[in-house]
Amino acid sequence: MALSTEDIKKIAHLARIEVSDSDAAATLSKLTGILGLIEQMQAVNTDGIVPMSHSQDVVQRLRDDVVTKTNQREAFQKISPAIGNGSEARAVDGGLYLVPKVIE
Amino acid sequence: MEWEVVIGLETHTQLRTNTKIFSGASTTYGAEPNTQACEVSIALPGVLPVLNKEAVNCAIKFGLAVNAEIAPRSVFARKNYFYPDLPKGYQISQYELPIVGKGAMTIQVPAVGKNAAYEKVINITRAHLEEDAGKSVHGAVEGMSGIDLNRAGTPLLEIVTEPDMRSAAEAAAYAKKLHELVQWIGICDGNMQEGSFRCDVNVSVRPKGTEKLGTRREIKNLNSFKFMQQAIEYETRWQIETLEDGGTIQQATVLFNPDTGETRAMRSKEEANDYRYFPDPDLLPLAITEADKARVSAQMPELPEAMKLRFETQFGLTSYDAASLTASRELAQYFVEMIDAGADAKPAANWVMGAISAKLNAEEKTLAESPVNSVSLASLLKRIADNTISNNAAKQVFEAMWNGEGEVDAIIDAKGLKQVSDTGAIEAIIDEVLAANAAMVEEFKAGKEKAFNALVGQAMKASKGKANPAQVNDLLKKKLGA
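As you go down the protein sequences, you meet chains G and F in turn.
Count along the first sequence from 1, add 16, and you get the number used in the numbering used here.
Count along the second sequence from 1, add 67, and you get the number used in the numbering used here.
Where hints are given, some of them may not hold.
In the EDC-like style, the derived pairs of lysine to aspartate or glutamate whose C-alpha atoms are separated by at most 20 Å in a straight line are [claimed, not checked]: (1) G/94 to F/106; (2) G/94 to F/152; (3) G/25 to F/308; (4) F/202 to G/109.
No wet-lab data here; the hints were simulated from the structure.
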C-alpha cells in the first residue's frame with residue numbers, strides 16, 4: 017500500500033500531531049517502511065490461527081463491584097492545567113474542569 | 068413511486084452497577100461535579116483499567132435474555148477520537164469480538180387506525196461493553212466549556228439491531244420492549260431523563276420491492292419514545308422528498324429538535340468516523356466459560372416470554388391478556404401476588420388491566436404508587452366470588468379503596484353494599500315487582516323477551532341494587548314459568 021503526503025497529514029491531524037511539510041517527507045518514508053514490513057508479514061499463511069489480541073496468553077482478571085475510590089477532586093484539580101490569559105487564567109470553575117470553548 | 072423505510076437501532080444502556088466499568092469509582096447519579104471522577108476516570112498518566120465483574124454479568128444476562136451467542140472470548144478495543152469529555156483521547160469499547168453476538172427479540176406492534184396489531188421478530192446483531200464519556204457544560208464561563216467527568220467510565224452495553232424495522236411504530240415498539248427487558252432482568256434502571264437509556268436510530272429509504280439499502284442518516288441521542296417516533300416520521304418524509312426532488316442523501320449524523328419537530332445534520336466532517344480501532348493493550352481478552360453462563364443464568368428472573376406462556380397455560384388467559392400482564396415486571400408481579408392471595412386469574416387479569424390501569428393512567432401514577440395494593444384488590448375479588456357483593460357494588464368499593472376509605476369489608480359494611488342472597492327476601496321483592504308491573508308480565512307472556520330484562524331491572528332497583536342478580540334471574544324465571 018502506497019502512502020501519500022496527504023495521508024501523512026490526515027493521520028497527523030487525527031492524532032492531533034503537528035507535522036511540518038519538511039518533516040512530512042521523512043515521516044512518509046518511515047511509515048512506508050513499516051507498511052512494507054506489515055506486507056511481508058501478511059504474506060505468511062495464517063489460516064486457522066486465532067488472531068492474537070494480546071502478547072500474554074492469559075485472560076482478564078475481574079474486579080468485584082465495590083466502591084474503592086474516594087473523592088480526591090481537590091488534589092486532582094490543584095494540578096489541572098489553567099487556560100486563559102495572565103491573571104484571568106484558571107483551571108476550574110464550580111468543580112468543573114475548564115477547557116477552551118467547544119461547540120458542535 | 069412507493070417507498071419503504073428501513074430502520075436499525077443502536078441503544079446505549081447504562082448498566083446498573085455500583086462502580087465504573089474500569090475503576091472502583093461510584094456511579095451514583097447527580098453527585099457534585101467531578102467528585103466521582105477518580106484518577107482512572109480523568110485519565111492521569113500511568114493508570115490502568117481493571118474490568119468490573121458485575122458489568123460482565125449484566126452483559127451475559129442480556130445475552131441470555133435474547134437467546135444470543137455469548138462469546139467465550141471477547142476483546143476490548145480503543146476507539147480513538149478527541150473531545151474534552153473523553154480525557155484519554157480514546158474510548159474503551161469492543162469492536163471485532165463483542166461479548167454478545169447474534170440474538171433476537173419478539174416485539175408487539177400496537178394497532179394503529181385500521182391496521183391490526185401484530186408481532187415481529189427483530190434480530191439483534193450484537194451487544195458490546197464500553198465506557199461512557201463525561202459531560203460538557205457550555206456557557207457557565209465566558210469563552211470556556213466546563214467538564215464534569217463523573218459519568219466518564221460508567222459501564223454501557225450498546226445493543227445493535229439488524230435493519231429489520233419498517234416503520235416508526237415498529238422502531239418505537241422495539242425500543243419500548245428493550246427498555247422493559249433491560250429493567251426486567253435488572254441490568255439498567257431505564258431512567259431516560261437521566262440518560263440511562265439512549266437510542267440512536269439509523270434511517271434510510273428505498274423503492275418498495277428493492278433489496279439494496281439506501282444511504283442512511285443516523286438520528287442521535289433520542290431519549291423519549293414519542294420523540295423517536297416523531298423524528299423517524301420527519302426524517303422519512305424528508306428523505307423521500309429529497310429523492311423525489313432529484314436530490315441524493317448524504318450519510319450524516321442528525322439531531323432531532325423537539326420544539327420544531329425537525330431533524331438537522333450535525334457534523335459532516337469526513338474524518339468524523341475514522342476511529343482507528345485497535346485492541347487495547349491494557350486489557351487482556353475476556354473469557355466467559357459455560358460455568359460463568361450457568362451461574363448468571365441461575366440468578367435470572369423468569370423472562371417475560373416464558374411468563375406469558377405460563378400465564379396462558381396455567382391460568383387459561385388469552386395470549387393478549389398474558390402479553391399485557393407481562394408488559395412490565397411490576398405489573399406481572401402485582402398479578403401474581405393477587406393469585407397468591409387467592410384471587411381467580413381471569414377476574415384478577417381483568418381488574419388489573421381494567422380498573423387499575425384506567426386509574427393509574429388518569430392520575431399519571433405508576434403501579435408502585437397505586438393506593439390499592441395487590442392483596443387488597445384480591446380480597447375485593449374474593450367478596451365478588453363469594454357473592455357478598457355484586458360486580459356493580461365492587462366498583463363502588465374499589466373507588467372507595469382508591470380514595471383511602473379503608474379495607475374491603477369495612478367499606479362494604481359502611482356503605483351497606485352487602486348483596487341480598489336470601490331467597491325469601493328476594494322472592495318478596497319479585498312478588499312486589501310482578502304485582503306493580505302487570506303490563507310487563509303480559510308483554511313477556513306474549514313473547515317479548517325484552518320484558519324479562521326490564522323486570523330483572525325493576526327487581527334490582529327495588530332491592531337498591533343489593534339483590535344477587537343471578538338469583539333474581541332464576542327466581543323470576545321460576546315465577547313466570549319461563
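For this session: Hint by hint, work out which the structure violates, then give me just those numbers in ascending order.
Result: 3
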